[in-house]
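**Q** The listed protein sequences derive, respectively, from chains D and E. Each residue of the first sequence is one higher than the one before, counting from 2 in the numbering used here. Each residue of the second sequence is one higher than the one before, counting from 2 in the numbering used here.
Bear in mind the hints are in silico, worked out from the structure with no lab data behind them. Note that this is a predicted model, so its numbers are computed, not measured. One should not assume that every hint holds.
Because identical chains cannot be distinguished in the list, a pair is counted as satisfied if it fits within a single copy or across any two copies.
Result set (SDA-like, lysine to any residue): computed pairs, CA atoms no more than 25 Å apart in a straight line [stated by the list, open to error]: (1) K270 to P156; (2) K280 to F157; (3) K14 to V276; (4) K112 to R193; (5) K186 to F157; (6) K112 to D196; (7) K117 to D196.
2 protein chains.
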Amino acid sequence: MAAASVKPALLLKDELDIVIPTIRNLDFLEMWRPFFEPYHLIIVQDGDPSKTIKVPEGFDYELYNRNDINRILGPKASCISFKDSACRCFGYMVSKKKYIFTIDDDCFVAKDPSGKDINALEQHIKNLLTPSTPFFFNTLYDPYRDGADFVRGYPFSLREGVPTAVSHGLWLNIPDYDAPTQLVKPRERNTRYVDAVLTVPKGTLFPMCGMNLAFNRELIGPAMYFGLMGDGQPIGRYDDMWAGWCMKVICDHLGWGVKTGLPYIWHSKASNPFVNLKKEYSGIYWQEELIPFFQAATLPKECTTVQQCYLELSKQVKAKLEKVDPYFVKLADAMITWIEAWDELNPSAGDSANLTNGSAK
Amino acid sequence: MAAASVKPALLLKDELDIVIPTIRNLDFLEMWRPFFEPYHLIIVQDGDPSKTIKVPEGFDYELYNRNDINRILGPKASCISFKDSACRCFGYMVSKKKYIFTIDDDCFVAKDPSGKDINALEQHIKNLLTPSTPFFFNTLYDPYRDGADFVRGYPFSLREGVPTAVSHGLWLNIPDYDAPTQLVKPRERNTRYVDAVLTVPKGTLFPMCGMNLAFNRELIGPAMYFGLMGDGQPIGRYDDMWAGWCMKVICDHLGWGVKTGLPYIWHSKASNPFVNLKKEYSGIYWQEELIPFFQAATLPKECTTVQQCYLELSKQVKAKLEKVDPYFVKLADAMITWIEAWDELNPSAGDSANLTNGSAK
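Generate the whole structure from the sequences, applying the supplied hints.
**A** Right, dumping it as structure tokens:
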């Protein structure tokens, strides 16, 4: 009844960009070649811009280093983080496509329990092209999957669902733990393949990880700002979290859905927990105040676009989080700069003039 | 870090009753023998009380038919449904144990993907004995399972979790669909084994199915009223739904958790969709108003016990749902009668006098 016929393997080739933040040669793409080669890549080179990043033959890509970002955004480049994978959101801004898939360069193709390679991108596209159900929980998980549906007691008026803005994928092998958990459980590996996709209910926040993430840029792009992290900032490793909390509040307000679960990627390498602890320790403390802030945040009904919602949220961040740390005033200002830069590079839906000029291949 | 060491196979033997509503001989217990035999059963015989229900040898049980219910509850027996599996909640009331597991007699032992028989009761006990996390979503599902934990970005202050009141299990083979979905998809079978347990977030309602359900009776028992269904009532097949909505509002208010997911049972037989449609059609219409009612329901902070919460909810049902149908006035009154009967049979935590007198074996 609910199952939609989606053939994503053939779909979205010209409507989706793959955004990869990196500091190294992109050998990891070899493993993804069968799945990624038909798509356009946007590579955001972090760190030393004089370094050359090698991209395997045959991929269609554009690459931006820090010099490109500074040139394209001018003074507004201050909103893009340096020496932190948060810089990836620059790729969201310069894309002209409807959908974005972003993946870390230490993520490889995982296998499903039958031993078959998982086409992560295909699953993300399925997730994005089928509706979400944020208003009521379906106990058999995604009702739009083959072999599933809405169970008894699910209101019929809610079975059309709402547009899906975000698809959050998971990780086999190295789980996405914080530094304290890494330190306590250095050998823990995620081996459990949970064959489910589910909508994160309205009003519920979750920790969005940027490692394996897709979204409808046209719907929610301007809310996907990964904040100020890394070089010159008092915090790291909260870029995706920040984006996830802001995005979720806005999706809840605008009536859009966020899914989590499949697809899995294979996360190959645990980052250094001592380095991570240094990046995270302020965040670990601050998040105790950030979560209640975002849980209580409401947006006025006058905010009907993502930009309006995001600017309103930046005001609330400035007003209510300054007492947590002066950093949040800087972050609130950067949120405004981000929207200004977004609107500059994406002047209107109809205007396809290419304002960017990266070192395209 | 979070994983608790629970050995439920040895646990709760004297603290858990298995409640089974039935109209037939309980041959299905043969398959469950290795798992259920150590436990005490409470059988609630529905329909003709003169019929003899055969229980396989070796099980320890007490059995109540309609005559027993009338004798024990007197005029208050009016709150217990007849000719509907809603009658099972009488078993919750006469139990003296801390935990209840309830299962339908057309549910058999399912197999996990490795082909091993699933001990559903053991998994329910695990679910009930580990905390829930209703305030923030953990993307790797139950953080208390072996091999899992809280992911990066999960506030540390929330990692202790809260007591788990309810464990809602799922069904392989025949999914729990409503009559319209049964009619449209007569051949659909649930073959997807989703290896996850998760907390239904605070503020989110879900369709609770009574087929394979466990709960902490000491915590939430008085809210587990399955309503007025079946004989003489304008509705059926909404007994568990009603209990689930009431229970969830109260758990959210009192800060307790509700889990759904594992364990699976094998649901053998689809009920007749034409008969189901007759039972359900009012409910299908009414639920469109019931869900917004329960989503908006709030309880005053003075309500600190389940009984207080439940009586307050009955008032709101009477005040706000009479306009949907006069049936809800009758149901609201039955909710009060249920609490009165509960308190009569369960006079105080310390008092273990056995007020009931079923035809115990």
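**Q** Give a verdict on every hint.
**A** Each hint, compared with the structure:
1. K270 to P156: between (44 Å within a copy, 24 Å between copies)
2. K280 to F157: between (47 Å within a copy, 17 Å between copies)
3. K14 to V276: Neither: 38 Å inside a copy, 48 Å across copies.
4. K112 to R193: both (12 Å within a copy, 17 Å between copies)
5. K186 to F157: Only across copies: K186 and F157 sit 16 Å apart there, 45 Å inside one copy, limit 25 Å.
6. K112 to D196: Both. Shortest intra-copy (12 Å) and inter-copy (16 Å) distances satisfy the 25 Å Cα cut-off.
7. K117 to D196: both (14 Å within a copy, 18 Å between copies)
In this structure, the one hint that does not hold is number 3.
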